[in-house]
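The chain contents come next:
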Amino acid sequence: MSSQGPSKGAPRRVSAPRVAVIGGGATGCAVARDLLLRGFRVTLIEFGDLGSGTSSRFHGMLQSGGRYAVSDTDYAAECMRERQIVAGLVPHVVEPTGGLFVSLQEDPPAFADEFRASCEAAEIPVEELDPETVRRDEPHLSPTIRRAFAVPDATINPWGLVTALCDDARALGGEILTRHQVTGFELAGGRIRAVRVAGGGSERTLEADCVVNAAGPWAARVAFLADQTVDLELTKGSILVFAHRFVSKAINRCRPSTSHDIMVPTGTVSLFGTTSEVVDDPDTTRVNPEEIQSLLEGGEAMIPGLRSYRAFRAWAGVRPLLKPADWSQGKPLPRRHKVINHAPLGLSGFFTVCGGSLTTHRAMAEDLGNQVCHHFRAIAPCRTATTPLASHRNTSHWRPAESFESIEAENRRDSGICECESVSQSDLDALISEGGYGLHDLRRRLRIGFGPCQGTFCAGRVAGLLAEADPGFPAEEALARFWSERLKGMTRTAWGDQARQVLLSDLVFREVMGLRLRPEILPSEDRR
Amino acid sequence: MKTDALILGSELDGLVAALRLLEQGKSVRLIATGGSSLHYAPDGLHLLGYEPGTGGAVVQNPYEAVDALPERHPYRLLGKARVRAAVDGFFERRQELGIELSSNGRNMLAVSLAGQAVPVFATGLHQAIFADLEGGAVAVFCYDGHRDFPSGITIAELRRRQIDAHLLRLEDPCGSPDSMRLARFFDSHDDTTAYFRSIRDRLPENSTCALFPAILGLDRHGEIMAAAEQALGLPCRELPTLPPSIPGMRLDRCLTKRIQKLGALLHLGAQAIGAPANNGRCDAVSDETGRRFEAETFVIATGGVLMGGLEVDSYGLAREPVFGLEVSQSGPLEADNPEEVLDALHVVGIETDDRLRPLAGGQLAYENLFVTGRTLGHWNPPKESSVEGVAIATGWAAADQACAYMEG
Numbered sequence: 001m002s003s004q005g006p007s008k009g010a011p012r013r014v015s016a017p018r019v020a021v022i023g024g025g026a027t028g029c030a031v032a033r034d035l036l037l038r039g040f041r042v043t044l045i046e047f048g049d050l051g052s053g054t055s056s057r058f059h060g061m062l063q064s065g066g067r068y069a070v071s072d073t074d075y076a077a078e079c080m081r082e083r084q085i086v087a088g089l090v091p092h093v094v095e096p097t098g099g100l101f102v103s104l105q106e107d108p109p110a111f112a113d114e115f116r117a118s119c120e121a122a123e124i125p126v127e128e129l130d131p132e133t134v135r136r137d138e139p140h141l142s143p144t145i146r147r148a149f150a151v152p153d154a155t156i157n158p159w160g161l162v163t164a165l166c167d168d169a170r171a172l173g174g175e176i177l178t179r180h181q182v183t184g185f186e187l188a189g190g191r192i193r194a195v196r197v198a199g200g201g202s203e204r205t206l207e208a209d210c211v212v213n214a215a216g217p218w219a220a221r222v223a224f225l226a227d228q229t230v231d232l233e234l235t236k237g238s239i240l241v242f243a244h245r246f247v248s249k250a251i252n253r254c255r256p257s258t259s260h261d262i263m264v265p266t267g268t269v270s271l272f273g274t275t276s277e278v279v280d281d282p283d284t285t286r287v288n289p290e291e292i293q294s295l296l297e298g299g300e301a302m303i304p305g306l307r308s309y310r311a312f313r314a315w316a317g318v319r320p321l322l323k324p325a326d327w328s329q330g331k332p333l334p335r336r337h338k339v340i341n342h343a344p345l346g347l348s349g350f351f352t353v354c355g356g357s358l359t360t361h362r363a364m365a366e367d368l369g370n371q372v373c374h375h376f377r378a379i380a381p382c383r384t385a386t387t388p389l390a391s392h393r394n395t396s397h398w399r400p401a402e403s404f405e406s407i408e409a410e411n412r413r414d415s416g417i418c419e420c421e422s423v424s425q426s427d428l429d430a431l432i433s434e435g436g437y438g439l440h441d442l443r444r445r446l447r448i449g450f451g452p453c454q455g456t457f458c459a460g461r462v463a464g465l466l467a468e469a470d471p472g473f474p475a476e477e478a479l480a481r482f483w484s485e486r487l488k489g490m491t492r493t494a495w496g497d498q499a500r501q502v503l504l505s506d507l508v509f510r511e512v513m514g515l516r517l518r519p520e521i522l523p524s525e526d527r528r
Numbered sequence: 001m002k003t004d005a006l007i008l009g010s011e012l013d014g015l016v017a018a019l020r021l022l023e024q025g026k027s028v029r030l031i032a033t034g035g036s037s038l039h040y041a042p043d044g045l046h047l048l049g050y051e052p053g054t055g056g057a058v059v060q061n062p063y064e065a066v067d068a069l070p071e072r073h074p075y076r077l078l079g080k081a082r083v084r085a086a087v088d089g090f091f092e093r094r095q096e097l098g099i100e101l102s103s104n105g106r107n108m109l110a111v112s113l114a115g116q117a118v119p120v121f122a123t124g125l126h127q128a129i130f131a132d133l134e135g136g137a138v139a140v141f142c143y144d145g146h147r148d149f150p151s152g153i154t155i156a157e158l159r160r161r162q163i164d165a166h167l168l169r170l171e172d173p174c175g176s177p178d179s180m181r182l183a184r185f186f187d188s189h190d191d192t193t194a195y196f197r198s199i200r201d202r203l204p205e206n207s208t209c210a211l212f213p214a215i216l217g218l219d220r221h222g223e224i225m226a227a228a229e230q231a232l233g234l235p236c237r238e239l240p241t242l243p244p245s246i247p248g249m250r251l252d253r254c255l256t257k258r259i260q261k262l263g264a265l266l267h268l269g270a271q272a273i274g275a276p277a278n279n280g281r282c283d284a285v286s287d288e289t290g291r292r293f294e295a296e297t298f299v300i301a302t303g304g305v306l307m308g309g310l311e312v313d314s315y316g317l318a319r320e321p322v323f324g325l326e327v328s329q330s331g332p333l334e335a336d337n338p339e340e341v342l343d344a345l346h347v348v349g350i351e352t353d354d355r356l357r358p359l360a361g362g363q364l365a366y367e368n369l370f371v372t373g374r375t376l377g378h379w380n381p382p383k384e385s386s387v388e389g390v391a392i393a394t395g396w397a398a399a400d401q402a403c404a405y406m407e408g
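Residue numbers (the working numbering), protein chains in the order written: chain B, 1 to 528; chain S, 1 to 408.
Wrong hints could be hidden among the right ones.
[Said to hold, decoys possible] Just some of the chain S residues that point at chain B, by a computed CB distance under 10 Å: (1) G34; (2) S37; (3) Y63; (4) P150; (5) I155; (6) R202; (7) L266; (8) A270; (9) I273; (10) G308; (11) E334.
[To be verified] In silico negatives: residues of chain B with every beta carbon more than 12 Å from chain S: (12) R18; (13) D137; (14) G184; (15) G200; (16) A343; (17) G460; (18) S505.
It is worth saying that the hints were derived from the structure and are not from the lab.
No residue lacks a Cβ here, since even glycine has one placed at the ideal position from N, Cα and C.
Extracted from the complex, chain B is given alone in its bound form (with noise of 0.2 Å):
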C-alpha cells in the first residue's frame, strides 16, 4: 500500500489487503466506501437488503446533536460536525427541516438555558425563538410553550443514503454481496484467514486478512461465529407514522432526553417516537397494543387531539449500544461509537464498530478505518469526508413531490402505479430491469407501500410487472407476504380512518386476489 490511496476508480492493486464488511447498513457501507478509498479490496456482505435493519427503522433524523447537548456534550458536537459533513455528501436524501426544542409547561423550566449553554459548548448553531411566532408557525403543537429553540436538526432518507454508499463503492471496485448470511470464519494461528458465506443457493469460502464486524444489533452473534464476545444492550424503540406532515420543523421536547417526544416530518408523513425497551433478541421488532397507547399519550402531550388523527402504520427498531468495560447497571449508556480490535482478545485482524447513531455513520468509519490502517502498518489517510460520491442514480426516486396527474399527462403510456407515492412504471421498468428485486426490495427503493393505502392498490400491480418480466415469479406467495407484513405494521394502528383502510385491504387481497394471510410470517419480515 502507499503513502496515499489511489486514485477514484483506479484498480485494487492486487497486493492490498482484503477486508470483508459484515453488514449494510449506513455503518457498513460507510465502512466499505472508507477501506475502498483508503486502498483496501473490500466485500461488504449483508444478509438481507441493504439498510433494512437499524439504519431505517429509527426516526429518520440526521441530528445536529441538539438532542445529547446536555446528556453529552462532546457526542454532540461530533454529530453537528458530521451533520454538516452528510449534508454536503449526499445532499439529494436529506432535507434540511431544521428543529426546535420546545419546552412545554410539564417541562423542567431550568433545562432550557441548561440546554442553550451545552449547545453553545458543541458548537451547535442555537437560537431562541419567541413563543408567539412558534405557536403560529406550528400550529398543531401544544400552545403551552414556554420557551423554544431552533438548532439545525435535519431529516434523512436512509435507503437512499445506503443506496448511495453502496454505488460510490461499487464504482470504487468494491464488491456487495446482499442476501448474503455469515455461516462461519476460517483461523489460523489467531488470525483471521477467510469468511463463509452461504447465497444465492451455494456457500462459499471468501479469503480475507481482515474482518469488519459492522452488524448493528446483530453483531454480537456474528462475533459469536468467531468465538468472541461483543456485549451490546438493545434497545427496542417503536415509532407511530401518522398520514399528516403536522410540523414543519423536527420537534423535540426540551428536557432531558427520555421516550415520546420526538415529532419528525418526513415527505408527507410524520413519525412520533420513541419507546424505549431493553430486549435481548435483535430481531425483536413487534410493537404491542401498550406501546400504542404509552406512544399516543405522550403524543398528546406535544399535539393536543392527536388520537383523532391518522395514524396508518408503526414499527420498531434495535439499537445496539455497546456496554463498556467499567459500565454498571443503571448507568446511562455512552452514546457514542466504539471501534473494538480484537487482537487482544485472541483474535487478530478483526473488528468491531457499534454504537453511535446513523448521524455519525461516517466518523463511526473513520475510526473504523484508521484502525484498519494501523493494524496493516499502511498510511493511508481517511478521504470520506471530501470525496464527492459516485453519481448517483435518478433521484426522483427519493422526491415523491411530483403530482401523480403530471406523471399521468406526460406520457400516458407511463401509467402511475402508486397513487400514494407517485411512483410510475416506468421508474418501476427501470429497475426490474436490473433484475434481482422482490416486492420488498422495490418498496424501499420506490417508496411503493409506503402511504396511507400501504400498498393496497400498487402491490397487485407491481407483482404482475415482476410476473411479467420473470414467469417464474412466485406471485400469489410472494403477494399473500407481503400483504401480511404490511398488516402487521397497519393492524397496530386500527382505528378511525384506518381501520377502513385495513378493512379494504382485507377486501383487497382476500376476496379479490383470494389470497390467505400468512401468519407464520417471520418476525424478521415485520419492516419498517
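For this one, chain B is given, so just place chain S on it according to the hints.
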C-alpha cells in the same frame, strides 16, 4: 314528507330492503353518503364459502353448513328457512332486476385476480370459474396500460395450475385505460361485434375459452358478451380487477334503477348524524345540514366499520355514530396478532334479536329499527365468504319485519 321506511346506507342490504318494502307497497326513502362496498367486491353471490372453524375448508352446500356457524351469526338468528327464502326470492327477481346470476345450488370455484380458486354460490353472467378453463388453450386478453388488471399474476398462477394460459395484449382503445373508461368504451361502441372480430386472429390455435378483465360494459354487459362470443366463436368470461369493480357496480346500478322505478326517494351525499330516541321508538333522523327525515321504520344498512357505519377510536372501542346503538365487542379491537385484529374488526357490530332489532343490555332498544349487513355483529365476510348472502338475507328479513311492524 314522512315515509313508511327510511333506509340508511346504500349497501346491498339497504337496496334489497328497499326493494322488498316497495314491493309490499311501502314508501321508501334512502339516504346514504353514496359509497357502496359493492364497488370493491368481485362478481358473484357469495353465500357461505368456507367452513367455520376449520381453517378454511371449502363448503360444498352452503345451507348444510349454516348450523356450524356461531349461534349469534345473522344466518343462525334468521334461521336457514328465512335465509333460503330471501336468496330464492332474490333469484326469482333476476329478470326484473336485469341481473344475470346462475347457480346449481352448490358452490363453484371462481377464478380470483391472483388465479386462486375461491368458492361462489352463484356466478355473475360470464364470471370465470375454473370449470370453464379445462381442456384447451385459454386466451387471456388484457389492455395495454390497464394497471388495475395485473395480468402477469393471473397468467403465472394459472400456468402453475397446469392451465394452458396465453397472454394477449390489446391496444388501449380509450386513452389512459382504467376500468371505468374501458367499460364506457364498450357501452358506447356502435359495433362491438366488429371490434371483437378485429381481435379474433389473435386467438391461439385450439383456444377453448377467452378471458377478459371484468370491464366489458356497465349498462350493456349482456349484449357485449353475446357479441364477443359470437365474433370470437368461443365462450368468453371475465376475471376480477382491482377496485373499482365493474361487476359490483352493475349490480348496484340494476338494484338502484329498480327501486327508483318502484318509487324510492334517493338522497345520496347525505350523512345521517343523529336520531333522538322517543321511548324505544325512533321518529326521525337528521342529516348534517339539520334536515329531518321522518319515517315509521328505519333500516340501518350503513356498512359496518368498512363503510363508516361503525367507528373505532384509538382505544380500540367501536361506536355506532347515528343512533348510539350498543356495539357488541369481546374486547378492545387491538391485539398482537394481525389476524386477530382483522377478525375483531369484522365481527364487531350491533347485537340484535331475531327480528334484527337492536338490543341494549339484552333488552330491546328500538322497536321500529332494523339492522342489516356489515353493521350486524358476529359474522366475518372474508373468512366465511358470505358477504352478498348475509346482505340479501338480512335486507330481505329487515323489510319483512318492518312491514310486519307497520301492519301489526
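Hold the hint about S:G34 up to the distance rule: shortest CB distance to chain B must be less than 10 Å. Where the cut-off is 10 Å and the nearest Cβ of chain B is about 15 Å from S:G34, the hint is violated.
Please check whether the beta-carbon of B:S505 is more than 12 Å away from every beta-carbon in chain S. Label violated. Min Cβ-Cβ 9 Å, cutoff 12 Å.
Does the claim that B:G184 lies outside the interface with chain S hold up, using a Cβ gap greater than 12 Å? The claim holds: B:G184 sits with its nearest Cβ about 35 Å from chain S, beyond 12 Å.
Does the nearest C-beta of chain B fall within a distance shorter than 10 Å of the C-beta of S:S37? At about 7 Å, which falls below the 10 Å cut-off, the nearest Cβ of chain B leaves the hint on S:S37 intact, so it holds.
Interface restraint verdict for S:E334 against chain B (beta-carbon cut-off 10 Å): holds (4 Å)
Would you say B:A343 is clear of chain S, with no C-beta pair closer than or equal to 12 Å? holds (45 Å)
Does S:I155 pass the interface check with chain B, least Cβ-Cβ distance below 10 Å? Since the shortest Cβ distance to chain B is 7 Å, the answer is holds.
For the hint on S:L266, just tell me whether its beta-carbon gets within less than 10 Å of chain B. S:L266 check fails; min Cβ-Cβ to chain B is 23 Å, beyond 10 Å.
Holds or violated: is the Cβ of S:Y63 closer than 10 Å to a Cβ in chain B? Violated: closest Cβ of chain B sits about 22 Å from S:Y63, beyond 10 Å.
Non-interface claim for B:R18 versus chain S (Cβ beyond 12 Å): holds (41 Å)
Taking 10 Å as the limit, does the beta-carbon of S:R202 come near enough to a beta-carbon in chain B? violated (17 Å)
Quick check on the hint: S:G308 CB to chain B CB, less than 10 Å? holds (7 Å)
Against the hints set out earlier in the document, violations occur for numbers 1, 3, 6, 7, 8, 9, 17 and 18.
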